[in-house]
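Please arrange chain B on chain A, whose structure you already have, making use of the hints.
Here are the chains, one letter per residue:
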Amino acid sequence: MNTRPALAQRISVASDRGFKYLMIAPAILILLLVGIFPLVYSLVVSFQNITMTEVDTSFAGALNYVQLFKDSRLWESLLHTALITMVALPLELVFGFLLAQLFLERFPGRQIFVALLVLPTVISPIVAGATWRLMFDVRFGPIGQILSFFAGEPVNILWTVNPSFVYPAIVVCEVWQWTPFMFLLLLAALSNVDQSQLEAAEIDGASYWRVLRQIVIPAITPVIAVAVLIRGLDLVRIFDIIWALTEGGPGSMTETISLYAYVIGFVQFDTSYTAAVAFLVIVILTAIVTIALRRMEMVR
Amino acid sequence: MSFGYSRRRGGGRLLLRYVLASAVTVIFLFPVYWLFMISFKTADEIYHVPPVWYPSQLQLGSYLVLFRDGDVLAILNSFIVAGVSSLLAMIFGTFCAYSLARFRTGGEHLAMWIISQRMIPPIAIVFPIFLIYVHFGWVDTYFGLILLYTAFNLPYVIWMMRGYIADIPLELEESALVDGCTRWQTLWKVVFPMARSGLMATAVFTFVFAWNDFIFALILTRTEVITFPVQLTHYFGGQSNFWSKIAAMSVLGTLPIFVAVTIMQRYLVRGISLGAVKG
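Quick note, the sequences are listed as chains A and B, same order. In case it helps, the working numbering puts the first sequence at residues 134 to 433. In case it helps, the working numbering puts the second sequence at residues 2 to 280.
Bound conformation, chain A alone:
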């Protein structure tokens, strides 16, 4: 630490201008190195024709991008991703809202309940997937046992293999893990709703639904927008839970875009084509984020 005074001296001598750029330099360098450089590199690769067997670095034109449109497995994987997002996201939002309603009013022990409910959200998604794989196991898992109890007859469902049940299994796991996320954010938002407005509405005899629609929902909309954006982006790149539960199976029935990109990149080593797929994903996400941010500005 002997060097610090000398270093401090030098920095203080330098103008504020130097200081402020010196401070952002390391972070920006790392981001450029690991964030931007690979993007540029993969853009180059996507216009070449590198596969496992041959390294052809000559300009291949839009070959890989034309391939994108013919690749039905790619579009199916995008469809799977959209399907999971469209089902899981609203469920998380609704369940999160209901939970937030339940815990909004203070009561003794509330903090303990909240602290416990949060736990699924912070565990590793791969652990969440593994946990539900054990839960869903047809012979040794408790889900079948519980369902049998309610059905009154033995229920033997191969949750992670049966085509009719893989999606429900994935959605159950996903919703279980991320409902607490929505719950926490909505609880914070609901706690910040202006109490005087609510009291005034009650004195005026407004119904529950009317208060909800005209006071509460508008007040918490910005938070809902942020929560939906964060979760939506996570869902578009969903990988871990599906890897742990079904590995994309049966066949490629639950293959999402991230899993498909993994397969062509690291199983089939179709290097240039993977780069093109990666770019498609970035374009799609950029579009979603742009639209979402614009809409969020509207609601504000």
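Keep in mind that a hint or two might mislead.
Computed Cβ-Cβ distance ranges for the label pairs, DEER-style [unchecked claim]:
#	chain 1	residue 1	chain 2	residue 2	range
1	A	Glu286	B	Val66	56 to 62 Å
2	B	Asn242	A	Phe282	20 to 26 Å
3	A	Met386	B	Phe31	53 to 59 Å
4	B	Ile28	A	Gly151	56 to 62 Å
5	A	Leu165	B	Leu15	54 to 60 Å
6	B	Val50	A	Thr184	46 to 52 Å
7	B	Tyr55	A	Ala339	23 to 29 Å
8	B	Ser117	A	Val199	25 to 31 Å
9	B	Trp189	A	Leu426	32 to 38 Å
Bear in mind the hints are in silico, worked out from the structure with no lab data behind them. Given the structure is predicted, the values throughout are model-derived calculations rather than measurements. Positions of the beta carbon are idealized from the N, C-alpha and C atoms, including for glycine.
Using the frame of chain A, we list chain B on its own:
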């Protein structure tokens, strides 16, 4: 139900609330309970039909196997990689955040660009990174994984710390400067102590993100620096799964997170909402 303001509340209402709250908590925590219980069960109890709901005694055999076979090294790797990368991301990120918050370096555009870096899906950048890592021989090294997690967490740290630093009154720094402190001393004596709770909370979440990551570790490790989520997936087999190992490894990989997040409960909402909701 009401929206937070007190209405007539009888004992019946409160009781109903407790019943509902307990039911919901039991449903949400049952999978976690099941995981923990499996890790303490004997093989007979794990593979019992119908399932047994709790082990007859807490036996630690599943954990001993992990220690005996050296599988716990994956936990150690996770600690090293997540710990060092969080530290680096905190150092570089906090300096950058200070510059953004106080000097408006780069304006809103730079800040937006930085947070947009976090929105890039891992699968889109991991592939070119993998090619570069192969070229430099960084695959399956601590350096490679730490560099990646540092970069991956930087946008988060910058974004969060920018918010925490902006919350510190500017007057304190000004008076420190007037009293003859250098810029550097002002940082150490005023800004960092004032932002301590924000620094701690951000560091914990940074650690959790690196700790929980699977996809980067899956692609960029082979045998030497495998982290615990990758190790976990090795226990899944086509025909049979190593249930006791899955459960025990999951518990070992989950306990540090539970402890960290429980300590940081107060900052949880702000931490997971990227600072958008202050809780």
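Do the hints match the structure? See the list:
no.	hint	verdict
1	Glu286(A) to Val66(B): 56 to 62 Å	violated (38 Å)
2	Asn242(B) to Phe282(A): 20 to 26 Å	holds (24 Å)
3	Met386(A) to Phe31(B): 53 to 59 Å	violated (28 Å)
4	Ile28(B) to Gly151(A): 56 to 62 Å	holds (57 Å)
5	Leu165(A) to Leu15(B): 54 to 60 Å	holds (57 Å)
6	Val50(B) to Thr184(A): 46 to 52 Å	holds (48 Å)
7	Tyr55(B) to Ala339(A): 23 to 29 Å	violated (49 Å)
8	Ser117(B) to Val199(A): 25 to 31 Å	holds (28 Å)
9	Trp189(B) to Leu426(A): 32 to 38 Å	holds (37 Å)
In the structure shown, a violation is registered for the earlier hints numbered 1, 3 and 7, in ascending order.
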